Structures are given as structure tokens and as C-alpha cells.
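Note that the protein sequences, when read in sequence, are chains A and B.
Counting the first sequence from 1 gives a position; my numbering is that position plus 671.
Counting the second sequence from 1 gives a position; my numbering is that position plus 11.
Among these hints, one or two may not hold up.
Unchecked claim - With a straight-line cut-off of 20 Å between C-alpha atoms, the simulated EDC-like cross-links for lysine to aspartate or glutamate are:
#: 1; chain 1: B; residue 1: 141; chain 2: B; residue 2: 158
#: 2; chain 1: A; residue 1: 779; chain 2: B; residue 2: 199
#: 3; chain 1: B; residue 1: 138; chain 2: B; residue 2: 194
#: 4; chain 1: B; residue 1: 109; chain 2: B; residue 2: 120
#: 5; chain 1: B; residue 1: 124; chain 2: B; residue 2: 71
#: 6; chain 1: A; residue 1: 770; chain 2: B; residue 2: 194
#: 7; chain 1: A; residue 1: 822; chain 2: A; residue 2: 812
#: 8; chain 1: A; residue 1: 762; chain 2: B; residue 2: 158
#: 9; chain 1: B; residue 1: 104; chain 2: B; residue 2: 74
#: 10; chain 1: B; residue 1: 138; chain 2: B; residue 2: 199
#: 11; chain 1: A; residue 1: 731; chain 2: A; residue 2: 820
#: 12; chain 1: A; residue 1: 762; chain 2: B; residue 2: 155
#: 13; chain 1: B; residue 1: 124; chain 2: B; residue 2: 136
#: 14; chain 1: A; residue 1: 770; chain 2: B; residue 2: 183
#: 15; chain 1: B; residue 1: 179; chain 2: A; residue 2: 825
#: 16; chain 1: A; residue 1: 770; chain 2: B; residue 2: 199
#: 17; chain 1: A; residue 1: 762; chain 2: B; residue 2: 123
#: 18; chain 1: B; residue 1: 179; chain 2: B; residue 2: 136
#: 19; chain 1: B; residue 1: 141; chain 2: B; residue 2: 74
#: 20; chain 1: A; residue 1: 762; chain 2: B; residue 2: 199
#: 21; chain 1: B; residue 1: 104; chain 2: B; residue 2: 126
#: 22; chain 1: A; residue 1: 731; chain 2: A; residue 2: 755
#: 23; chain 1: B; residue 1: 104; chain 2: B; residue 2: 58
#: 24; chain 1: A; residue 1: 731; chain 2: B; residue 2: 199
#: 25; chain 1: A; residue 1: 762; chain 2: B; residue 2: 120
#: 26; chain 1: A; residue 1: 727; chain 2: B; residue 2: 74
#: 27; chain 1: B; residue 1: 138; chain 2: B; residue 2: 74
Said to hold, decoys possible - Okay, the calculated bits of chain B under chain A, using three or more residues with CB under 8 Å as the criterion:
#: 28; stretch: 104–115
#: 29; stretch: 191–198
It should be emphasised that the hints constitute simulated quantities derived from the structure, not laboratory data.
Being a predicted model, the structure only gives us computed values, none of them experimental.
Where a beta carbon is used, it is the ideal one built from N, C-alpha and C, also for glycine.
Single-letter residue listing:
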Amino acid sequence: MRTVTIAILLAAGLLPVAAQAQETGSAEIANVNSGGQSSLRGLTELDETRQADAFKQIPKDRSPFASAYVYQPPLIPHQIRHYELSTNANKCLSCHSFKNSRESGATKISVTHYATREGQVLSDVSPRRYFCLQCHVPQVDARPLVVNDFKPVDSLQ
Amino acid sequence: MKLIRIFWRRLSTPSKAAAGALLGMGFVGGILFWGAFNTGMEATNTEAFCSSCHAPIVTEIRETIHYANRSGVRAICSDCHVPHEWSDKIVRKVQASKELVAWAIGTIDTVEKFEARRGHLAHREWKRMKQNNSQECRNCHDFDFMDFSVQGQRSVAQHSTALASGEKTCIDCHKGIAHRLPDMQGVEGWQ
């Protein structure tokens with residue numbers, strides 16, 4: 672009889688401990704690193720899909736944004752939907768080449784585009800400059816993703 | 012001799028019933044023919060029909076403005092390639108019979124053959140559009156109703172000058188509006 676009572680009491684005393692153990696177990700699971708990443712843009716968990724941002728609209732023709740640093744490739748101040756840029760055709764150069772800019776009134780490409788990597792000047796656009804979109808992209812009204820106190824150098828302000 | 016004369020009279024003065032029957036048959040036949048003819052013209056205007064021989068073109072057109080755009084209004088192959096004027100339409104359809112011959116020979120039946128011949132075909136199409144002052148474009152885009160206040164600056168600069176004066180027509184400036192281009196070396200205004 673006595674041993675039975677002691678056993679019951681012991682068991683009763685152990686119950687909360689067991690329960691507690693279980694709680695800490697589940698707490699531990701919640702803390703398991705699921706491969707998320709915490710950065711300036713906030714915390715992202717691998718198992719959660721973030722709501723996609725709205726598409727950025729490319730505004731109709733407007734004057735180009737000011738350069739932020741020296742030698743920045745200027746942004747494209749207009750729509751370029753379906754403009755072909757391939758070995759067959761270069762729609763950009765049909766307005767911006769030295770030859771065509773006179774008639775189209777578009778900004779001429781820079782003379783640097785005629786030079787090879789070694790600085791040799793060619794009679795036409797250098798192959799390394801042919802694919803315009805490697806450096807130039809259409810400008811959109813996109814605010815910086817993170818707080819940023821970058822300022823252009825004095826000469827550009 | 013007399014027999015012949017009687018027979019001739021029979022022939023030259025048909026009974027009213029026979030004349031009626033003849034007229035009726037002619038009328039019904041005419042309607043059937045007209046219907047079949049126009050149905051044929053319509054059926055050969057669908058995208059599915061063109062795609063049976065121009066598969067590569069149909070896949071690449073999907074990214075262009077005349078396939079998908081904000082307003083959902085579309086231009087299909089025949090809008091740009093088959094004239095609306097009835098007489099022009101017939102002429103183009105008869106010309107298209109030539110395509111059947113080319114198809115039988117297999118001038119563009121592989122992607123490689125098509126790419127090799129593409130420049131030639133494109134030049135033919137540019138020439139045709141230049142000659143008819145880009146009539147197909149103008150069936151939808153009427154210069155008289157272009158509102159310059161809502162067009163981009165670049166569009167206004169060109170449309171209010173070279174286009175307005177008639178010095179240039181749509182296809183002079185909008186080559187490749189619906190397709191990928193062939194090698195443009197030597198084409199006026201390019202490279």
C-alpha cells in the first residue's frame with residue numbers, strides 16, 4: 672500500500688516536469704533554422720513566399736535621370752518594348768548611331784564605343800559595345816530598396 | 012431542213028417554266044458559289060491556317076504588341092498581309108497560290124531554310140507595303156485620329172513631320188513591328 676502511494680505521488684510530481692519537457696521541445700522546433708536570411712531588406716524564411724512586388728511601369732518618354740557617378744552608363748529614357756537587338760539587327764543604333772542620329776535627333780553614342788579593349792579605334796561600333804542592354808537599362812521610378820545615403824560627387828550635383 | 016427549223020424554234024423560245032427553272036437554278040447556284048467562295052476566303056484568313064506553314068513566325072509573334080497588349084485588341088496575320096479592298100484581296104489570294112508552289116517545292120519548310128530566305132521575303136513585303144502606302148497599317152491606325160498629346164515625344168517628333176508630310180510611310184520606320192528581323196545590313200536607316 673505504501674509503496675503504491677509513493678509511486679502515485681512520484682508520478683504526479685513528475686507529470687509537470689514531463690509536460691514542461693514537451694513544451695521546451697516544441698519551442699526548440701520553432702527555433703530551428705529553416706534556412707531563412709535576415710538582411711537589411713528584412714527577414715525572409717525559406718518556407719514562406721513573399722508577396723510579389725507590383726510591376727514597375729516604364730514611363731513614356733521623359734528626360735533622362737541625372738547620373739549618380741562619373742562614367743555611369745546613362746539610363747534609357749523611353750520604352751524599348753520588342754526592340755530587336757541581335758546579330759541581325761540593332762534597333763538602338765537605327766536612331767543612336769553616328770550616321771542615323773542626325774536625322775532621328777537622338778543622342779549619339781559616345782566615341783568610346785568605337786574603341787576595342789586595347790584602345791584601338793575602329794571604323795564602326797566595337798563588338799564589345801554592340802549589345803547596348805549590357806550597360807544601359809530603361810529608367811523606372813524605383814525607390815532604393817534599403818536606406819541609402821549615397822551622394823553623387825560634387826561635380827555631378 | 013424543216014426539222015432543224017422546228018428544233019431551233021424550240022431551243023430559242025423556251026417555255027416560261029423552263030426559263031423560270033433555269034433562272035432559279037442559276038440564282039441558287041450563284042448563292043452557293045458566292046457563299047462557298049467567301050467562306051473559303053474567310054477560312055484562309057485565320058491564324059491557324061497560316062500557322063500550318065509558318066509555325067516559327069507564329070511562336071515569335073507572341074511577345075509583340077499586336078499579339079498581347081493592355082487593351083486586348085489584336086491584329087492577326089491577315090490584318091497585315093491580306094488587303095481589305097475586295098479586288099486587292101483577290102489579287103493577293105491569287106498571288107498566294109504561288110506560295111502553294113513554293114510550299115510544294117519546300118522553300119521554307121525547315122527553320123534553317125526559312126532563316127536563309129527570310130531576308131528575301133521581308134524585302135518583298137516591305138516593297139509591297141511601301142507601294143500601297145502601308146494601307147494595312149492604316150486600316151487600323153488612322154493618321155487623322157492620332158492624338159499627339161498622348162503620344163510619346165519621339166513618336167510626335169517623327170509623326171508630325173516625316174509622316175504628316177507624306178515623305179515617309181509607316182513601314183519606312185516600323186520595320187520588324189511584328190516579327191524578328193532578317194540581316195539588316197544595307198537596309199536604309201539601319202546600322
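Structure-based check of all given hints:
1. B:141 x B:158: Violated, because 24 Å separates the two Cα atoms, which is more than 20 Å.
2. A:779 x B:199: Holds, at about 18 Å.
3. B:138 x B:194: 16 Å, holds
4. B:109 x B:120: 15 Å, holds
5. B:124 x B:71: Holds - the C-alpha atoms of residue 71 (chain B) and residue 124 (chain B) are around 17 Å apart, at most 20 Å.
6. A:770 x B:194: Distance of about 18 Å is within 20 Å: holds.
7. A:822 x A:812: Roughly 18 Å separates the two Cα atoms, so the pair holds.
8. A:762 x B:158: 25 Å, violated
9. B:104 x B:74: Violated - the C-alpha atoms of residue 74 (chain B) and residue 104 (chain B) are around 28 Å apart, more than 20 Å.
10. B:138 x B:199: 13 Å, holds
11. A:731 x A:820: Given that 20 Å is the threshold and the Cα spacing comes to 28 Å, the pair is violated.
12. A:762 x B:155: 27 Å, violated
13. B:124 x B:136: 18 Å, holds
14. A:770 x B:183: It holds: about 17 Å lies between the C-alpha atoms, which stays within 20 Å.
15. B:179 x A:825: 46 Å, violated
16. A:770 x B:199: Answer holds: residue 770 (chain A) to residue 199 (chain B) is near 11 Å, not above 20 Å.
17. A:762 x B:123: 23 Å, violated
18. B:179 x B:136: It holds: about 16 Å lies between the C-alpha atoms, which stays within 20 Å.
19. B:141 x B:74: 25 Å, violated
20. A:762 x B:199: Distance of about 13 Å is within 20 Å: holds.
21. B:104 x B:126: Since the Cα atoms of residue 104 (chain B) and residue 126 (chain B) sit roughly 24 Å apart, the hinted pair is violated (cutoff 20 Å).
22. A:731 x A:755: 19 Å, holds
23. B:104 x B:58: 15 Å, holds
24. A:731 x B:199: 27 Å, violated
25. A:762 x B:120: Violated - the C-alpha atoms of residue 120 (chain B) and residue 762 (chain A) are around 28 Å apart, more than 20 Å.
26. A:727 x B:74: Distance ~18 Å between residue 727 (chain A) and residue 74 (chain B) Cα, so the pair holds.
27. B:138 x B:74: Roughly 25 Å separates the two Cα atoms, so the pair is violated.
28. 104–115: This one is violated; 0 residues, fewer than the three required, reach chain A with a Cβ under 8 Å.
29. 191–198: Coverage by chain A holds for the stretch 191–198 of chain B (5 residues, Cβ < 8 Å).
Against the hints set out earlier in the document, violations occur for numbers 1, 8, 9, 11, 12, 15, 17, 19, 21, 24, 25, 27 and 28.
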